[in-house]
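Peer 1: Below, each chain spelled out in residue letters.
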Amino acid sequence: MGIEQIYNEILTEHTTSNRNKHHIENPTHVCKGVNPSCGDEIELEIREKDGNIEDAAFTGVGCAISQASASIMIDLIKGKPVEEAMKLAKTFFGMIKHEITDEEQLEVLEDAIVLKDIGHMPARVKCAVLGWHTLEDVVGKEK
Amino acid sequence: MGIEQIYNEILTEHTTSNRNKHHIENPTHVCKGVNPSCGDEIELEIREKDGNIEDAAFTGVGCAISQASASIMIDLIKGKPVEEAMKLAKTFFGMIKHEITDEEQLEVLEDAIVLKDIGHMPARVKCAVLGWHTLEDVVGKEK
Amino acid sequence: MNPYRNDFPILSTKTNGNDLVYFDNAATTQKPVSVIEAINKYYQEQNANPYRGLYGLSVESTNAYEEARQTVADFIGAKSSKEIIFTGNATGSLNLIANTYGRMALKEGDQVVAAISEHHSNILPWQQVTKEKGAVLSYLYLNASGHITEEEIEQKITGNTKIVAVAQVSNVLGTINPVESIIKKAHEVGAVVVLDCAQSIPHYQVNVQELDADFIVFSGHKMLGPMGIGVLYGKENLLNEMPPFLTGGEMIEYVSEQEATFAPLPNKFEAGTPNVGGAVGLKAAINYIQKVGYDNIKKIEDELTDYALTKMKEVPHITIYGETDITKERCGVISFNVDDVHPHDTASILDADGIAIRAGHHCAQPLMHYMKVAATCRASFYFYNTKEEIDIFINSLKKVRRWLGYGD
Amino acid sequence: MNPYRNDFPILSTKTNGNDLVYFDNAATTQKPVSVIEAINKYYQEQNANPYRGLYGLSVESTNAYEEARQTVADFIGAKSSKEIIFTGNATGSLNLIANTYGRMALKEGDQVVAAISEHHSNILPWQQVTKEKGAVLSYLYLNASGHITEEEIEQKITGNTKIVAVAQVSNVLGTINPVESIIKKAHEVGAVVVLDCAQSIPHYQVNVQELDADFIVFSGHKMLGPMGIGVLYGKENLLNEMPPFLTGGEMIEYVSEQEATFAPLPNKFEAGTPNVGGAVGLKAAINYIQKVGYDNIKKIEDELTDYALTKMKEVPHITIYGETDITKERCGVISFNVDDVHPHDTASILDADGIAIRAGHHCAQPLMHYMKVAATCRASFYFYNTKEEIDIFINSLKKVRRWLGYGD
Ligand SMILES: Cc1ncc(COP(=O)(O)O)c(C=O)c1O
Ligand SMILES: Cc1ncc(COP(=O)(O)O)c(C=O)c1O
Numbered sequence: 000m001g002i003e004q005i006y007n008e009i010l011t012e013h014t015t016s017n018r019n020k021h022h023i024e025n026p027t028h029v030c031k032g033v034n035p036s037c038g039d040e041i042e043l044e045i046r047e048k049d050g051n052i053e054d055a056a057f058t059g060v061g062c063a064i065s066q067a068s069a070s071i072m073i074d075l076i077k078g079k080p081v082e083e084a085m086k087l088a089k090t091f092f093g094m095i096k097h098e099i100t101d102e103e104q105l106e107v108l109e110d111a112i113v114l115k116d117i118g119h120m121p122a123r124v125k126c127a128v129l130g131w132h133t134l135e136d137v138v139g140k141e142k
Numbered sequence: 000m001g002i003e004q005i006y007n008e009i010l011t012e013h014t015t016s017n018r019n020k021h022h023i024e025n026p027t028h029v030c031k032g033v034n035p036s037c038g039d040e041i042e043l044e045i046r047e048k049d050g051n052i053e054d055a056a057f058t059g060v061g062c063a064i065s066q067a068s069a070s071i072m073i074d075l076i077k078g079k080p081v082e083e084a085m086k087l088a089k090t091f092f093g094m095i096k097h098e099i100t101d102e103e104q105l106e107v108l109e110d111a112i113v114l115k116d117i118g119h120m121p122a123r124v125k126c127a128v129l130g131w132h133t134l135e136d137v138v139g140k141e142k
Numbered sequence: 000m001n002p003y004r005n006d007f008p009i010l011s012t013k014t015n016g017n018d019l020v021y022f023d024n025a026a027t028t029q030k031p032v033s034v035i036e037a038i039n040k041y042y043q044e045q046n047a048n049p050y051r052g053l054y055g056l057s058v059e060s061t062n063a064y065e066e067a068r069q070t071v072a073d074f075i076g077a078k079s080s081k082e083i084i085f086t087g088n089a090t091g092s093l094n095l096i097a098n099t100y101g102r103m104a105l106k107e108g109d110q111v112v113a114a115i116s117e118h119h120s121n122i123l124p125w126q127q128v129t130k131e132k133g134a135v136l137s138y139l140y141l142n143a144s145g146h147i148t149e150e151e152i153e154q155k156i157t158g159n160t161k162i163v164a165v166a167q168v169s170n171v172l173g174t175i176n177p178v179e180s181i182i183k184k185a186h187e188v189g190a191v192v193v194l195d196c197a198q199s200i201p202h203y204q205v206n207v208q209e210l211d212a213d214f215i216v217f218s219g220h221k222m223l224g225p226m227g228i229g230v231l232y233g234k235e236n237l238l239n240e241m242p243p244f245l246t247g248g249e250m251i252e253y254v255s256e257q258e259a260t261f262a263p264l265p266n267k268f269e270a271g272t273p274n275v276g277g278a279v280g281l282k283a284a285i286n287y288i289q290k291v292g293y294d295n296i297k298k299i300e301d302e303l304t305d306y307a308l309t310k311m312k313e314v315p316h317i318t319i320y321g322e323t324d325i326t327k328e329r330c331g332v333i334s335f336n337v338d339d340v341h342p343h344d345t346a347s348i349l350d351a352d353g354i355a356i357r358a359g360h361h362c363a364q365p366l367m368h369y370m371k372v373a374a375t376c377r378a379s380f381y382f383y384n385t386k387e388e389i390d391i392f393i394n395s396l397k398k399v400r401r402w403l404g405y406g407d
Numbered sequence: 000m001n002p003y004r005n006d007f008p009i010l011s012t013k014t015n016g017n018d019l020v021y022f023d024n025a026a027t028t029q030k031p032v033s034v035i036e037a038i039n040k041y042y043q044e045q046n047a048n049p050y051r052g053l054y055g056l057s058v059e060s061t062n063a064y065e066e067a068r069q070t071v072a073d074f075i076g077a078k079s080s081k082e083i084i085f086t087g088n089a090t091g092s093l094n095l096i097a098n099t100y101g102r103m104a105l106k107e108g109d110q111v112v113a114a115i116s117e118h119h120s121n122i123l124p125w126q127q128v129t130k131e132k133g134a135v136l137s138y139l140y141l142n143a144s145g146h147i148t149e150e151e152i153e154q155k156i157t158g159n160t161k162i163v164a165v166a167q168v169s170n171v172l173g174t175i176n177p178v179e180s181i182i183k184k185a186h187e188v189g190a191v192v193v194l195d196c197a198q199s200i201p202h203y204q205v206n207v208q209e210l211d212a213d214f215i216v217f218s219g220h221k222m223l224g225p226m227g228i229g230v231l232y233g234k235e236n237l238l239n240e241m242p243p244f245l246t247g248g249e250m251i252e253y254v255s256e257q258e259a260t261f262a263p264l265p266n267k268f269e270a271g272t273p274n275v276g277g278a279v280g281l282k283a284a285i286n287y288i289q290k291v292g293y294d295n296i297k298k299i300e301d302e303l304t305d306y307a308l309t310k311m312k313e314v315p316h317i318t319i320y321g322e323t324d325i326t327k328e329r330c331g332v333i334s335f336n337v338d339d340v341h342p343h344d345t346a347s348i349l350d351a352d353g354i355a356i357r358a359g360h361h362c363a364q365p366l367m368h369y370m371k372v373a374a375t376c377r378a379s380f381y382f383y384n385t386k387e388e389i390d391i392f393i394n395s396l397k398k399v400r401r402w403l404g405y406g407d
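Residue numbers (numbering that gives the first Met the number 0), protein chains in the order written: chain D, 0 to 142; chain A, 0 to 142; chain X, 0 to 407; chain E, 0 to 407.
Pulled out of the complex, with its shape left as it was, chain D reads as follows:
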């Protein structure tokens, strides 16, 4: 899958609709992720309750890939236990690094699978993982 597919409907839908790009009420966690070489900046807000991610959204500026990846991630993790979100992050990194290639294993990533081939554009990998790394920073550190 080449870049044309990566910049496909899902990406453009996520970047132009801005569905998950806003502030949330009473966030319990806020964390900024930056990509100094690009100028990509994401601020992730999460409201956690009893180990579940009740609400999540992001603000910030960046390229389509970092923005879409963050937006897709939020669709995925909202309503899920923190633990499961962490597992998804691991799977996502595994997919990007081409360490996990088994389609069934990747199924949990749903829309995020579209970013599978970003590994062929090494310069853009940092953009694709920015949101997920910020997620790890925001909730993963506590354990």
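Relax, there's no trap hidden among the hints.
One side of the interface only, derived from the structure: several residues of chain E facing chain A at Cβ under 7 angstroms:
#1 H341
#2 D344
#3 A351
#4 A374
#5 G404
Per the computed footprint, the stretches of chain D lying under chain X, defined by three or more beta-carbons under 8 angstroms from a beta-carbon of chain X, are:
#6 12 to 19
#7 27 to 38
#8 55 to 68
#9 119 to 128
Simulated crosslink set (DSSO-like; lysine-lysine; CA at most 30 angstroms straight-line):
#10 K78(E) <-> K125(D)
#11 K234(X) <-> K130(E)
#12 K310(X) <-> K13(X)
#13 K234(E) <-> K125(D)
#14 K78(E) <-> K86(D)
#15 K398(E) <-> K125(A)
#16 K77(D) <-> K20(D)
Derived from the structure by calculation, the hints contain no laboratory data. C-beta: ideal position from N, C-alpha, C; glycine also.
Assemble chains A, X and E with the ligands onto chain D, guided by the hints.
Peer 2: Then chains A, X and E with the ligands, alone, in the frame of chain D:
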């Protein structure tokens, strides 16, 4: 003329005999010339009277070429007017740089002509000119 | 067909299945066969440590190195090859000046003046040394079209100014700075001028004596030469006054356990085994540039740039930064953005079509802040580029917004 | 016939009408075809400015550069490629350490300890920084056979010692220094060790973790690689603590008009466009060394050195400096003099026969003073040398005194 000729009788005679390697009485000029990259060091002593070089000699350490060149130079300049010694130095530099190639013009250099081809050993040029440069420093500066 | 392309093997390669269109010449240029072969030949026939050996090969290596130095000296009109110091790149040259001349000349309250459009390499060394010395680093700002005005020069270069560090050509906007005025004013107030020629010398004749520049710097790799070799030119009297920077082999005269004395110019500033292969490559690069000729280079590049600017203006939703008129002190470096599209996306989409442009802050974050943009795309040309390549570029540019889901 | 010679084109050239006998390997080594071709290939197929571009070619260039860094890391057993900083040469690496770690760690009265046999590049930077900081530079002296004894180590490395800077192999005497003892003692007193591997790594496996060295430095050109590329290894925690040295492009994170933050390792220490071509060449050189194998290299060189030492002892009027027994911590670097003959004359006379040796102070004037000689001749071997070459050398040596008019 190759290196075998340069290291010929004249050179070896001048370096092994040490004819001009000593101190002189009542020198009017003393000057040290050094060649930092080689460690060659020459101290030239000259007694000048009424514009003539009455006596000259050198002390110091160095390679055969710097020592022989200095010794040959002293043979040449002793008893000559300072002005003529300066002219000889110019001719010597001209010969080394291959700017003066006319044999007749070079005749005045007598034994020093043996150093004509030192230009083919650029690394050794500094050795050959050390004595002559010191001469320029010692008496040339005054004018 | 451009007659020079055949000399550059890489220009015939493919990238992502398409012919390579290399428009990142401000970052580094490609190398002609003659440069690559000069390096080859050096290593196959002349390689030795220069200066140190008395044997034939070392003499050859010394000669090769010193001939390269003389070639550079002649190329920029230096009085003597002693004024040419080889470094690793322009950044190395600028650090050398800041750490030696800068440290020596600056006192508390003194001023270093740079243009806001400087490359980080001409900013950070001055930030460091001004901070260390309690001096002030201040900036020449640009007008709306990216130029430094005469008023700005008059106002900013003052009696406190000791050093003016400025690029002849901006690597972001392609603007040609009024260095004659800057040098004149700087000399009036007794300041020295450090001219960053990294972006100018690949395209324009630089004559240090005509300019009366005190120091100039540039990189071999941006002018057809290999990486790992840069140049610092300094006026002989200034270089003589300066303490050495890096110390070690080759740059000494006498060394005892506690003290050392230093070699005369240029060796004083070249510590350790020099990059002879790199210098030989740079010499071949200069020869190539001279063969093509600066007049010719300018003619080709101005035509390309004018064509590109005209075509880009016809594409909707494109913003070009700085001067857009080729006749007004600008050259073949074009910074732009596609509306609503992050420059990284633009670069990736163009890359899919084989087009190499840069996107980012171009090592000029202060300029980005000043222009209030996060990043830009940059296309930069060299004489081996063609109008056909610009057509491919324009076609690809037109697709960018559609790929990202915008209607037009 | 030595099977490697065919890989080195220069070894089949003539000098002064004779076959070249290259015995100046301690100054720089010759390059195999594979190294020259790797550089070629880089410039013909992958050249771009690394890191900066998002397009294919820049990614390739970045990969080529980072693969070279990983190759170096694996080669010396570093924990991570982040610990590998590319510089211009060993001298550049040593200056980096002295100017960053040295300036940071040294206070008045602190001590830097070096061996008296150090190369100027491992002396001058320490002279500068100790002077600046009011610290003391002191020396480990050698015994009669050129070795550093355990007593000397015990005595000189003390509670005040903050940095020990020492070569693993002396470039003058070929002595292998007892670096394990030195490192152990240094760490006992809390000092860090800077190991100069310029002369060791071409011949011996260096494993930074086994040695527990804090910093090591070496030059590409002395180990079959191109000029213009050097290496600094540092333990990650030390490199992280250190301020940057050269500043400019590539080594930053954020830059404002007055402030800057720096990139993480390794980029923090690599300002400006790096020498990717040089790094690629160094990688090819490492691959070549690994193909030949260190065991094999040592076997060949020990045989050559033993043969040379034995033959030289048979020639009258020759003084060999330092250890003359190959089994006693020495390698293929032989310093000697012909009685009553200045080393420059010896070198010139050998050069006439096509033999390249060095004569002079070998960038080790303090050692020369210590040994009370003005200069020496030095022959240094690499695995591509042969016994036949040593025979030619010995025959030429025998002529030296006669050429200068001595009876024998
Ligand atoms: C022991 C030692 N250290 C350092 C150096 C300096 O190496 P370079 O000149 O490549 O910087 C050398 C070589 O000249 C050396 O032999
Ligand atoms: C104007 C300007 N100055 C300095 C530099 C630094 O050059 P280098 O990275 O070769 O040191 C560059 C290029 O990146 C530049 O464009």
